[in-house]
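*Asks:* The primary structure of each chain is shown beneath.
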Amino acid sequence: MTLEMRSAGRPGIYKGEKRRGLALALPAMLWLGLFFILPLLIVLVISFLTRGTRGVQFTTPVTIENYIDILSFPYVDVFWESIGIAALTTVICLIIGYPLAFFIATRKSRIMQNLTLFLVILPFWTNFLVRTYAIKVMLGADGPLNTTLMNLGLIQEPLQLVNTQLAVLLGLTYSYLPFMVLPIYASVERFEFRLVEAANDLGANDLRAFLRVVLPLTLPGVIAGSILVLIPTIGAYITPDILGGTQGLMIGNLITTQFRGTGNWPRGSAASMVMMLLVMLALIGYVMMSARAALTNRRRPVE
Amino acid sequence: MSQQPQIDIELRNVVKEFTGRSGEFQTRAVDHVSLTIERGEFFSLLGPSGCGKTTTLRMIAGFEAASSGEILLRGKAVQDVPPFHRPVNTVFQDYALFPHMTALQNVMFGLEMENNIPRPEIRRRAEEALEMVRMTPSQFHRKPRQFSGGQQQRIALARALVKRPAVLLLDEPLGALDLKLRKEMQYELITMQNDLGITFIYVTHDQEEALTMSDRIAVMNLGKVLQVGSPEEIYETPNSRFVADFIGETNFLMGTVESHEGICATVRLDESTPIRASYRSEEALTNGQQVTVAIRPEKINIFAAEGSVKHDDGTSDEATAYREKLLRDPDIVMVEGRVEYANYIGTDTRYTIGFGNGQKLVMREQNFGLRNDTYYEVGSRVFIFWDYETARVLTH
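Heads up: the protein sequence lines correspond to chains A and B, in order. The numbering of the first sequence is the working numbering, which starts it at 61 and goes up by one. The numbering of the second sequence is the working numbering, which starts it at 0 and goes up by one.
Honestly, the hints are just simulated from the structure, not real lab data. Here a beta-carbon is modelled for each residue, glycine too, at the ideal position from N, C-alpha and C. Any given hint might turn out to be false.
Claimed, not checked - Partner residues are not named here, just some residues of chain B that face chain A (Cβ under 8 Å, in silico):
1. A60
2. E63
3. M112
4. Y343
As the list claims (entries may be wrong) - Distance ranges between label pairs, derived from CB positions:
5. A:F96 <-> B:E113: 55 to 61 Å
6. A:I155 <-> B:Q25: 36 to 42 Å
7. B:E113 <-> A:D137: 48 to 54 Å
8. A:L267 <-> B:P86: 42 to 48 Å
What the hints assert, rightly or not - The list that follows gives simulated cross-link-like pairs (lysine to any residue, SDA-like), each with its CA atoms no further than 20 Å apart:
9. A:K168 <-> B:T18
10. B:K142 <-> A:M349
11. A:K168 <-> B:F17
The shape of chain A in the complex, shown without the other chains (with noise of 0.2 Å):
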């Protein structure tokens, strides 16, 4: 009913008006519609096609063959592991971002809040690549981290750091921290403090009323942090190819590898549709919890 009511008891939605707002949305419909609907479409089709031979990419006759082989050994594998690091690396984003975020938003000083803030996304001003070449220098076994730790006589020998998972999570984790910080941020600065010294008052220690008020009033904060972390990372492609080699290849190197040389373009296109669906359903997700936040947060009106 109040849907009903607001829409219309909008001002100035008039026929004009409408056909100016749908002229306003056409070009950037147009740049969907024809870099990324049809794209897509023929990703899509591609996907139920078969391997051509001799420099045919992909021919009939139509088949779900490629989905069966995705989604068996060993393709499958890469995807499990794909969504362990991408959730792995959320998780860890999400205990070194809160509290980082939740100092941010909590500086008395506004300049300290910028200047801690311009900090987080600094590494933005370099390039991804370059950043990511420059932990692989990190990681060496003749780099810093290792000649650090020898000359202390911690280690006898350069530890394996590059090219292992571990490289993998720590350049995702790299990467895209500063993602989880800015939302988690944004909600903590929102967040009311005196609502920390009510629960006090009524008896709550500290931990108590982190955990019964900050945190699920900071919770759209970390959900949408959580979000974009996880969306990209499930896709990564740079870090686990420069970091992982061998040992950290996801689902984005997975196809790469099919749309090149000798690749298999409808089985990388159907693992690119697979992938697609997990991202939407984490979406799916995110869009249900914030709409499920709104409507307990609406305000409704009062006598």
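On the provided structure of chain A, position chain B as indicated by the hints.
*Replies:* Just chain B, lined up with the frame of chain A:
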């Protein structure tokens, strides 16, 4: 009840200093405040914004630590007791209800924190508390945002009272409500406080609210407590210019002490105008001292210098005869003046009376009869008089 009043809260020389960001400046928000608040008292901290009243309250609650001095709750020093272990609860200015919890969950929260109350009892007590503040069961499961300001206020009250605190701290709890609702809530708060017998410490900047509700009031300014007393004491015998000015409306007349004896001082306002006024016996006056005389507008009476004076009982006197009759009373102080300004405000008419050598007084005359019967024309000559005890000599 024992003969000796039990002290619920005692503040001894409490100081709160806030240090600036770089540490080079300090503000003293609370400056050597000492107070004793008895069990079951409705005690108000009254003062303008920034006077330190809220800081004082927050130190009692435990949200701020005193820079020096002692705070005792039922005889126990609480400086090192965190807020969640103090037997006090707060009703916050903006209610501070948990927005993600229903009204009932908000009220249950405090009991859940006590760890040893069984769930059904928590629920029962929370429901009782909400019913006590006149919430209906159909409202229990709504979120704070779905309530009006007055309703949120009640939930906040229930949430604090369900803890059965020794002392309830209220930080301008009615500040956000409109006038009518305020009056209603004032009455409800007083009734509730009487029924529960809990000590209330009530912070407000609204002098009328403080006068209406309190057993005792502490008037604060610039971090200091200026006067503590019952509403009558504060209103009738203010101890300083600030208190007299902050509470109600007051005329201030400047003058020098000519003579003084007992509680009566003669103050010369100008060469032609000596008036008598009362002073507090603990005040040490010296002749020749510069002082302020404070007189409330409603304490001053008026009659026309010519013609007859109509009385409320229907009789009338000739003006000069009436004057002589009044002057026979040694307590009466009378001056002759002119109506400089008359302002009709419905229940009363406010007159500005000029007298002596450029002196002015504002007085109020209640409009008993029709306007014409009690109206003094601007420019007309009048006598104004008052009981000397209602005029107060203030030295600071």
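*Asks:* Run every hint past the structure and note whether it holds.
*Replies:* Here's how the hints hold up against the structure:
no.	hint	verdict
1	A60	holds, 6 Å
2	E63	violated, 10 Å
3	M112	holds, 4 Å
4	Y343	violated, 38 Å
5	A:F96 <-> B:E113: 55 to 61 Å	holds, 57 Å
6	A:I155 <-> B:Q25: 36 to 42 Å	holds, 39 Å
7	B:E113 <-> A:D137: 48 to 54 Å	holds, 51 Å
8	A:L267 <-> B:P86: 42 to 48 Å	violated, 21 Å
9	A:K168 <-> B:T18	holds, 13 Å
10	B:K142 <-> A:M349	holds, 18 Å
11	A:K168 <-> B:F17	holds, 14 Å
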